[in-house]
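Peer 1: Going line by line, the protein sequences match chains A and B. Note that the working numbering has the first sequence beginning at 24, numbered continuously upward. Note that the working numbering has the second sequence beginning at 460, numbered continuously upward.
Fair warning: there could be bad hints in the mix.
As the list claims (entries may be wrong) - Once the Cα atoms are required to be at most 16 Å apart in a straight line, the calculated EDC-like pairs of lysine to aspartate or glutamate come out as: (1) B/Lys623 - B/Glu608; (2) B/Lys652 - B/Glu608; (3) A/Lys52 - A/Asp214; (4) B/Lys474 - A/Asp119; (5) B/Lys531 - B/Glu739; (6) B/Lys462 - A/Glu142; (7) B/Lys462 - A/Glu120; (8) B/Lys474 - A/Glu120; (9) B/Lys799 - A/Glu97; (10) A/Lys98 - B/Asp797; (11) B/Lys783 - A/Asp119; (12) B/Lys783 - B/Glu879; (13) B/Lys876 - A/Asp79; (14) B/Lys643 - B/Asp619; (15) B/Lys876 - B/Asp797; (16) B/Lys1089 - B/Asp1119; (17) B/Lys876 - A/Glu97; (18) A/Lys96 - B/Asp797; (19) B/Lys462 - A/Glu125; (20) B/Lys786 - A/Asp119; (21) B/Lys786 - A/Glu120; (22) B/Lys660 - B/Asp629; (23) B/Lys476 - A/Glu120; (24) B/Lys876 - A/Asp78; (25) A/Lys208 - A/Glu53; (26) B/Lys1089 - B/Asp962; (27) B/Lys1089 - B/Asp931; (28) B/Lys783 - A/Glu120.
Simulated from the structure, these hints should not be mistaken for laboratory data. From a predicted model like this one, the values you see are computed outputs, not experimental measurements.
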Amino acid sequence: MIQLKGIYKWVNSGGNRVFLLKDINLSIKEGDFVSIMGPSGSGKSTLLNVVGMLDDFNEGEYNFIGQPVHQLKEKYRAQLYKSHIGFVFQAYHLIDELTVYENIETPLIYQNIKSSEREAIVADILDRFNIVGKKDLFPSQLSGGQQQLVGVARALVAKPKLILADEPAGNLNTKQGTEIMELFKQLNEEDGVTIIQATHSEKNAAYGSKIINLLDGRVEK
Amino acid sequence: MIKNYFIIAWRNLLKNKTFSLINIAGLSIGLACTMLILLYVKDEISFDKFHKNVNNIYRIVSKSKHGSVDYKNSHTGFLQGPQFAKNVPGIESFVRIESGAEDIKTGTEIQSQELLRVDPGFFSVFSFPLLNGSAATCLSEPNSIVMSEDFAKKHFGTSDAVGKIVMLKDENQFVPFKVTAVAKRCLQNSSIKFEVLLPFKESEAEAQNKDNWYNFFLNTFVVLNPKANLPAVEKQMQTFYLQEASETFKEMIKKYSSGADESMGTYFLQSFTDMHLSTELPAQNGLVNASNPIYSYILSGIALFILLIACINFVNLTIARSLKRTKEIGIRKVIGADRKRLVIQFLGESFLLCLVSFSMALLIVQLILPVFNNLANKALSFSYLFDIKLIAGYVILFVLTALLAGFYPALVLSNYKPIETLYNRINLPGKNYLQKSLVVLQFALASFLIISTFTIYRQFNFLTKTDLGYDDTNIVEVNKWQMNHTEAAYFKAELLKNPGIVDVAPKNLGQWMTSAKLFNDSTISFNYETIDESYIPALKIPLIAGRNFSGSYPSDVTNSILVNESFVKKAGWKNPVGETVNFFYNNNEIFKVVGVVKDYHYQALNQKIGPQLFTMKNGNLYGTFNIKIKPGTATKSLKFIQMTFNQTFPLSPWSYIFKDDQRIKDYESEAKWKQIIFFSALLTIFISCIGLFGLSVLSAERRTKEIGVRKVLGASVSSIVNALSIDFLKLVLMALIIAIPLAWMAANKWLQNYPYRITPDWWLFVLASLLVILVALATVITQAVKAAVANPVRSLRTE
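This is chain A alone, in the form it adopts within the complex:
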């Protein structure tokens, strides 16, 4: 599903080239649950963003379900990630002005799904995540764990093939964190969703079927 070949990413800082990613070679198959580990600044988020096509890279080849991302124009790339990738963030990143229901519904709106269909899909996912009672609340009225639950629901609602989660449990307490990780595991096993998560918790990383260690932008062998 994902092939990264010799990916380099750098920024120029005061005449020096600072490498954020160095010669990343990676292959991820459909149905994998990959954990990326490493200390702060090791490039976990950058790698996730490159895979998620939110960020670009300077060198290398990236194939996503057979499409050469490095050759695609911005517009097609956006098209590609919109229809296949869901994002989960450490800071949840819900839209404060929208209710739980509306937050989950928004990706469907952007995919031009009809209103009646949207209603059914959102109702389904609210039910599945046990948050039907919270659908009219605003994010500020929810606990962190509940907000992240909504975040995951929103990432899943458009039925993506791949979920990219950047420290999904980073802002949560242990119990809430465990619940989210259990949820990921279930999604991966039962629904066959491919998941890549970045984390620096050994415990959370262990939920993955494969662990990649990053240090200073390099994959540790």
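Starting from the known structure of chain A, fit chain B onto it as the hints suggest.
Peer 2: For chain B alone, kept in the frame of chain A given last:
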């Protein structure tokens, strides 16, 4: 999707009350001003267009050269209308309109009524609907009268007045006139407005006398054949005129002219619809509401200024606030929004805001329409708004405003990269030149208008308060047309029996211009005043040489004159007393100067003092009295004057005005402009300041962390207030640097219209600038202080 956008827009509006309020207040004021001006402009350009035949109606006008001066004349004599209509094939018919006033008697009360005398074809040329009576014949009998429904109601208590009788003074006695038709009230956008119409009077002798080509006192309208070619018609008119009137012209020149270079003039046609806004050939002499297109331009300019300033607030505040919304934009992009949708979303927000403002604006328009009517001299009503073209205009205005205010922010906001916004890596272009230049633009406009207001106020004050060179207090002016010296003397003697009346000075009515020859055969034109010996002392006009008229010199009523300084200067006399003036057109009568008066402002201050000549010649008629009364006796004296007037002149209408009130009336248009500019200055500075306030709130918020760090490092409150305010003050100063020279130029240009004027002093600009700076400072300082006194520990922790 629309619903989703709408919800977000609405919640954002509610969540940020300050900004919504600033934007809505500004935009609704701006929109309301623009709506009012649209209404005004539409009314201006719709003038006279309601006549069915309007495209074929023209007014006969002429142009001529007097020496090197081009002169345009909208007046015509008896002959132009009928002669051209008879002899030029393209002209189908004509209507002459003469304005005048007659006394009308109701019971025992006599009132002077303004009216128009018109040719019988009046109602076939113009489309004034009649309630009763026949349009074709109502003006064909000599003693018929057509009146408006209002007049009929006032006079008879009903608009069903056809067949009733009105007593009207004709040749010194009251004669019955029969009402033949009642017309609907004239539309407000009509140059011809009448309460009473009488048939045009013309004797056979007058119609034959070719001198009447040169007796200009009418407005003559003609209807052209729709197929006629305008230039061809004009050419034929001129050819006919030249062959018909050249003999007469030569005789006239011989008789009256001083030999200056005079041309016969050229006749041409002015389109009826061009008349209302024409400055060269205005609607005058019985035609009303003449306007200058400059008013439309200035008012439109001001309205657009105000709207522009309000839109700038929207743009500036939206962009400044966008930092807070970057997260939302990032999320939306990540979960699938493309740029187009975000642009639509932000435009939608500006549309919603505009919609709210638009409704507010409608409300404002309804509330302030009476005030505006008063200012703009109009009778517009709210129902005028419901006109298809105006509604279309408003919809365009609405869409344009929403686009103008929303488009740029939408483009900027939708361009953010999600990765930057979500990881707080965004920094708005730090310098933000656009925002700064927009603020400078706002304050430059506001300062310009404030300086203009100051200038106009000072000039207005100058016009109304300057010493006129005579004493106009406690003087009642009473008009009595056409009165010989014996009548005047009798009335004067009767009045002086009352101890409250100090002096009575009769004078001719209005201003007469005439010319005479000097000893060296050069001609001089001047204001020709017929007075008596009381006039100079009653008005306290200083004499600088010679003596006043006096009863003890019998020759004063036959051949003595007084002149003013300007006359002396123009004549080039060294020793004016004893010089002579020859009234060449009046049997070469010779008059001798017995005294010289100091120049005084016998006209309003927007007219230059010219040569003036006073006589008390016996044959000249008086038309008005200047009655000087004792201070504090106004009510009693007025009653007495009215009683005496009614006893002495039972057939004449009574009216009076205090001379110093007249002075205020003379400057009505200045007073109106003063108010208009004052209000627009007020609105622009208000809207600019609420915008500045919004920016200062945001800037204080954005800099909380910086302020916290500075305070921890030991900065004092005052130094932080300075740091926060100085940025904005710099912008205001820059605005002043731009506005001051422009305002100075504009003030000078405007003041050129007045022969007597103030000089725009430097302190005026300093004062206005200080005012602007103070207002701006007051606006930003509250936020600066609030931010500066905040506890740094808190602001640092929340970051």
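Peer 1: Go through the numbered hints given earlier and state which of them the structure violates, listing their numbers in rising order.
Peer 2: Per hint list: zero violations.
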